[in-house]
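Asks: Using the sequences and the hints given, assemble the complete structure.
As they're listed, the protein sequences go chains A and B. All the letters of the first sequence, read from the start, carry residue numbers 1 to 143 under the working numbering. All the letters of the second sequence, read from the start, carry residue numbers 1 to 409 under the working numbering.
Everything labelled a hint here was simulated from the structure, so no lab data went into it. Hints may contain errors.
What the hints assert, rightly or not - Here are some chain A residues the structure puts well away from chain B; computed CB gaps all over 10 Å:
{"id": "1", "residue": "Cys54"}
{"id": "2", "residue": "Leu55"}
{"id": "3", "residue": "Glu57"}
{"id": "4", "residue": "Ser65"}
{"id": "5", "residue": "Glu98"}
{"id": "6", "residue": "Ile104"}
{"id": "7", "residue": "Gly111"}
{"id": "8", "residue": "Glu133"}
{"id": "9", "residue": "Thr136"}
Stated by the list, open to error - Here chain B is said to cover these stretches of chain A; the calculated rule only asks that three of the stretch's residues, wherever they fall, bring their Cβ under 8 Å from a Cβ of chain B:
{"id": "10", "stretch": "9 to 23"}
{"id": "11", "stretch": "70 to 81"}
Where a beta carbon is used, it is the ideal one built from N, C-alpha and C, also for glycine.
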Amino acid sequence: MTTAPPRPYLKPLPDMSEANRPFWEGLGRREFLVPRCDRCGDYNWVPYPACRSCLSEEQTWTPVSGEAEVYSFTIVHRGHGQFNDEAPYAIVMAKLVEEPRPCIVLGNTRGIANEDLFVGMPLRIVYEDVPGEDVTLWRFGPR
Amino acid sequence: MVRAGRSPGAPGGRSALFPKRQAAIAGVYLTKQGKLPDRTSFSLQLEAIQGALADAGMTVADVDGLLPMSGSNHIGGLDGGTAPHQFWAEQLGGKPVSLMEVGGASGQLAKATAAIASGMCEVAVLFYGKAGRPVGPRGTAMPDRAPRVPEWSFAIHGAYMIPFYAMWAQRYMHEFKVSSEDLAQVAVIDRYHATLNPDSVMGAKGEITVDDVLGSRMIAEPLHLLDCSLDNDGGYAVVITTAERARDCPKRPVYVLGGAEAVSTDFYVSFSDPWFPESGKSVRKAADRAFSLAGVSRDDVDVVGSYDCFTVTGLRNLEEMGFCGIGEGAAYVAEGHTRLGGKMPVNPDGGLLSGSHCGDPSGLMVVEVVKQLRGECGARQVEGARIGVAQQQGFAVHGIGSTLVMAVD
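Replies: Encoded structure:
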């Protein structure tokens, strides 16, 4: 009996910038880092050059708790490229528990049946090393 | 049903309308819409430009303003290519052009109105054309290595336009207890209208029911195939000029009473909570300002062209434009107001769900409303239509909005 070789990962991957390299390195350490404003304390997602609340350019990559809940979600039956091979697949908009500025993070799920998803469902960020690539991505699992 | 109050500036109702008719639409043109394998985007754009100018009794020599929609530049190389207005200024003969503007169609035409009123230019043409570039997943090839995309791109998570609108619909349905049947009404009405429009892509297929929509295959829950817009080829153009000059053109002038645009988000990278605030977002901002500038109230509107790229968008547009309250779009549509014969038909051409969705379709709403106000629409004509509104939205779902209020004497 032979085992099929693992399929290469053919879904889009991030073209990392120097400015955001700490974030991607953080994922490799199983940390999800969000820029936090040194002046007003707000978290900003996605990372932007200055704080959206007070416009300070002084922001610090800060680990968040990883706890979130489903703000909205969809089960996709028709996707691009390799995603289509995995359809139906879930995409969630996960709202991090960090406040007050809402951080809504997009991602796929792991360990949650599509039919079990609901608005308000508690989630936790999980990490996945991309096979054959020097990239770690975040996913959302059950909490 | 909640109706927006009359805006200040229209105290006397219709008789006191149209205080500032500074510019008018003098020409419109639609290319064939549908599958056009023998055409290029460029040729559709060129046809549309010349067609709209002919409709206005003009030629390219009259044009001194260009309003290209996205995807309108055709020369690559040279440090990454040229801006569309630069390409088209040269292509059309190299005559100096005094207005260059990009954005959503109604917003572009609103700014062109201001430019014409202030003397920056006299004849501007808005145009678009697309052939052979599907927007959705259809036809995408499997890459042989993982493609690299911008680092916060939704593509990393398998999202594209339909999943975003699906998540918007999901949250909207959750907050306001709206059903899939409620959404489906929009597709049913659009298809009915399309059957009366010989230029529509889907009209020949006949009417559909709510059950047809719910029974069509799921694309991204809760959106079925028939909840989604078309993805076809086609082009269009609109010529706008001074009111004075438009009165000398062959067709009945359609005056611009007011217009505005608004943008609040980047391109599908960040989202805010609440998603449906009572105060509204970009579409509300653009509509409020356009109606205020026009001195027209919501009750005065006879016909609407609305960017209903999904059934949910059709409902949300009505709410954000102030024709009903937030969460009341489904009830408003169920009352029959938006269907031909109702008090304010929406998308009598079939809209983006059954009329045409040609790549960047934001000018189609303007073309249809202009034709309605001219009384050129045959079986789908809204009788006695004098005041019309064209509205568009996009980018991160209602992240950008534009509205144009138009009227005939």
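Asks: Does each hint hold? Answer for all of them.
Replies: Against the structure, the hints:
The beta carbon of Cys54(A) sits about 17 Å from the closest Cβ of chain B, which is more than 10 Å, so the claim that it is off the interface holds. With a minimum CB-CB distance of about 16 Å to chain B, Leu55(A) clears the 10 Å threshold, and the non-interface call stands. The Cβ of Glu57(A) sits about 18 Å from the closest Cβ of chain B, beyond the 10 Å cut-off, so the non-interface label holds. Listed as outside the interface, Ser65(A) is consistent with that label: its C-beta sits roughly 18 Å from the nearest C-beta of chain B, beyond the 10 Å cut-off.
With a minimum CB-CB distance of about 13 Å to chain B, Glu98(A) clears the 10 Å threshold, and the non-interface call stands. Its closest Cβ contact with chain B, about 4 Å, brings Ile104(A) to no more than 10 Å, contrary to its assignment away from the interface. Under the 10 Å C-beta cut-off, the non-interface status given to Gly111(A) relative to chain B holds; the minimum distance is some 16 Å. Against chain B, the non-interface label of Glu133(A) is violated: not every CB pair exceeds 10 Å, the least being about 6 Å.
Every CB of chain B is more than 10 Å from the CB of Thr136(A) (nearest about 12 Å), matching its label as outside the interface. With 10 residues carrying a beta carbon less than 8 Å from a beta carbon of chain B, the stretch 9 to 23 of chain A meets the three-residue requirement, and the given coverage holds. Here's how the stretch 70 to 81 of chain A fares: 11 of its residues keep a CB closer than 8 Å to some CB of chain B, so the rule of at least three is met and the hint holds.
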